[in-house]
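Respectively, the protein sequence lines represent chains A and B. Per numbering that gives the first Met the number 0, the very first residue in the first sequence carries number 0; after that it's consecutive. Per numbering that gives the first Met the number 0, the very first residue in the second sequence carries number 0; after that it's consecutive.
To be clear, the hints were calculated from the coordinates, so they are not data collected in a lab. Where hints are given, some of them may not hold.
[What the hints assert, rightly or not] DSS-like cross-link-like pairs, simulated, lysine-lysine; straight-line CA separation at most 25 Å:
#	chain 1	residue 1	chain 2	residue 2
1	A	LYS144	A	LYS3
2	B	LYS332	B	LYS251
3	A	LYS144	A	LYS63
4	B	LYS63	A	LYS251
5	B	LYS251	A	LYS63
6	B	LYS63	B	LYS144
Number of protein chains: 2
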Amino acid sequence: MLQKVRIVGSGLIGTSIGLGLVQRGISVQMVDSDSSAQALARDLVGGVEVTSPELVILALPTSKLPLVIEGEVQLNPHSTFMDVGSVKNEVLLQVQTFSGLSTRFLPTHPMAGREIGGAASARADLFQGRSWILTPDQECSDESKSLVLELIHHLGATPIELPADAHDAAVARISHLPQVAASLVAKQLSGTPAEWMELAGQGLRDTTRIAGSDENLWKEIIYSNRAEISELLINLQNDLTAMINSLDDPSKIAELIAAGRDGKALIPGKHGGKAREYSYLPIVIDDKPGQLAAIFNECAAMEVNVEDLSIEHSPGQLSALITLSLSAQDAEKLSNHLTSIGWNVHPVRK
Amino acid sequence: MLQKVRIVGSGLIGTSIGLGLVQRGISVQMVDSDSSAQALARDLVGGVEVTSPELVILALPTSKLPLVIEGEVQLNPHSTFMDVGSVKNEVLLQVQTFSGLSTRFLPTHPMAGREIGGAASARADLFQGRSWILTPDQECSDESKSLVLELIHHLGATPIELPADAHDAAVARISHLPQVAASLVAKQLSGTPAEWMELAGQGLRDTTRIAGSDENLWKEIIYSNRAEISELLINLQNDLTAMINSLDDPSKIAELIAAGRDGKALIPGKHGGKAREYSYLPIVIDDKPGQLAAIFNECAAMEVNVEDLSIEHSPGQLSALITLSLSAQDAEKLSNHLTSIGWNVHPVRK
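Could you build the full structure based on these sequences and the hints that come with them?
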């Protein structure tokens, strides 16, 4: 049973784990080679000393594992170890260089993070409802695995077991490739006149949102998973070449755009299910406090469940367009109701 | 003064213009070479016949302009003409082949659209608060220009005048490049196992959202603006090559990611201003009706203005994380208030 945990690394992930565990009554010692980071983490999480922890969490960049792993293994000869890095094959390889460590080391990857890092951004609920991937070696003991599962349970995450190879290939596709693409598209904006940028719409904003990420975090991730990423980038480059060579041929352009639509359709919808078809209900409101509350009061009164919402303010306008995502049935019910009491609703005609 | 308008083309844009104008008391005749599209548009907009219209709007793909323009010019020898296509240089070139037409033809581009097309998706408010770009030739008469400005005013849009060259270069960067990139990134998802896709997060969803667009619309746009787009795609390809060649060098990877962050920072925030720094206030709620209403009631009571909102449901969980975007001051005020009455608020520590 998990009672004492040592967390090596006081960044966003390590400190968030510490905060979550302390809320569940577990003793946590925060450790960091940077004494000011360690002091901040201890202020946030609490300052206890822990001896003979059941679990040691290495919450630092994978490139720094070699600096601490030997000392930590000697210091904690009976503990289970886990890491939390974004790439898993190289961690398994590092672990295999230590005799006997494979039975009690479990590489893991919590699918959670924020665009801002550091202990100061940590949140006890960072992992709530997120997936947490485990990529255990065959030699990993059941005891070690159950300790890690207990940790994941405490933090409200959902454990998913995958081979390390599959993990690295999966995150290359669903996370690392989009990051590189978003960054490189955003890079093309350099030097664009401000008056052109004023015309930017939601498409550009969405496509480049993650380009705001931290380059120091991402250089590590991309470097560590370069084998998988390289292949994907080369495929993307080939398709880009195909597009460039097809610019004189509308039917070939259409084929490439259609292939993208087919790829996008593979992304599951919310609640982990298949992509759901929502109905969208656009409503024009005054851009002032109270309007959203009034609408959501009507939603509650009608017992409709809002799946998502976007708000679009227009340059130089005092009105805003909000678009609710609802089931088709809820959309119709709400649309009729809001219209009947005078709201400016614009249901999509079928 | 605008009293009679003839709209040639009964798709999303043409029919939306028709709906908007009829609401303002203007007589509109909808025309389409496809008789069923024309019938639907007339059902929606109204079925009047118009003679000697002050304004003829060519609301069809630019590639179809040559099919109708000569007949329309002969039929309406005194009318002002405008089109609504996404690319403007080629329209100017077409117009210049008709002697005398340049004085009464104004190429325009409303910055509005939807991922779904057709008259059935039309909305009278489609242009409300949007930018509407005009790219008049030097020869365009003041009278023609004022008729088009009157139309834009009726539809609630904001006119912006740009040279046609600048327009085409601007939309290539802020709209066409992101579309191609999103489509090609989404194309790479083809063949990905469903269990990997289940791990997809918001980053992938945002980066590929517009990949769901219609290939027949986009093949026209990309083809028409191929000169501008080609240059941008080649630049992107060079940067992609640089990334592929830098995968063994973390510092070069970091440089490319940082350049993307700098590019993204050029995108203005809402209300057409410079990118504003919002504070984000995450709140964990039960995923059921009434929760959002309760929160927005508190927002209204505290007089805070919600700039944006995202809702994140987690696979297999019955809670949801909503994140409000607010001014720093409003975020602090609301956070303190919600916490004091028992909400599960997770303010970002500074």
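Keeping to a limit of 25 Å between CA atoms, is the pair of B/LYS251 and A/LYS63 held or broken?
holds, 19 Å
25 Å limit on alpha-carbon distance, applied to hinted pair B/LYS332 and B/LYS251
Roughly 42 Å separates the two Cα atoms, so the pair is violated.
Compare the distance between the alpha carbons of B/LYS63 and B/LYS144 with 25 Å, and conclude whether the hinted pair is satisfied.
Holds, at roughly 23 Å.
Against the 25 Å threshold, does the CA-CA distance of B/LYS63 and A/LYS251 hold or violate the hint?
Roughly 19 Å between the alpha carbons, so the hint for B/LYS63 and A/LYS251 holds.
Hint check: A/LYS144 vs A/LYS63, CA-CA at most 25 Å. Holds or violated?
holds, 23 Å
Taking 25 Å as the top limit, are the C-alpha atoms of A/LYS144 and A/LYS3 close enough?
holds, 16 Å
In this structure, the one hint that does not hold is number 2.
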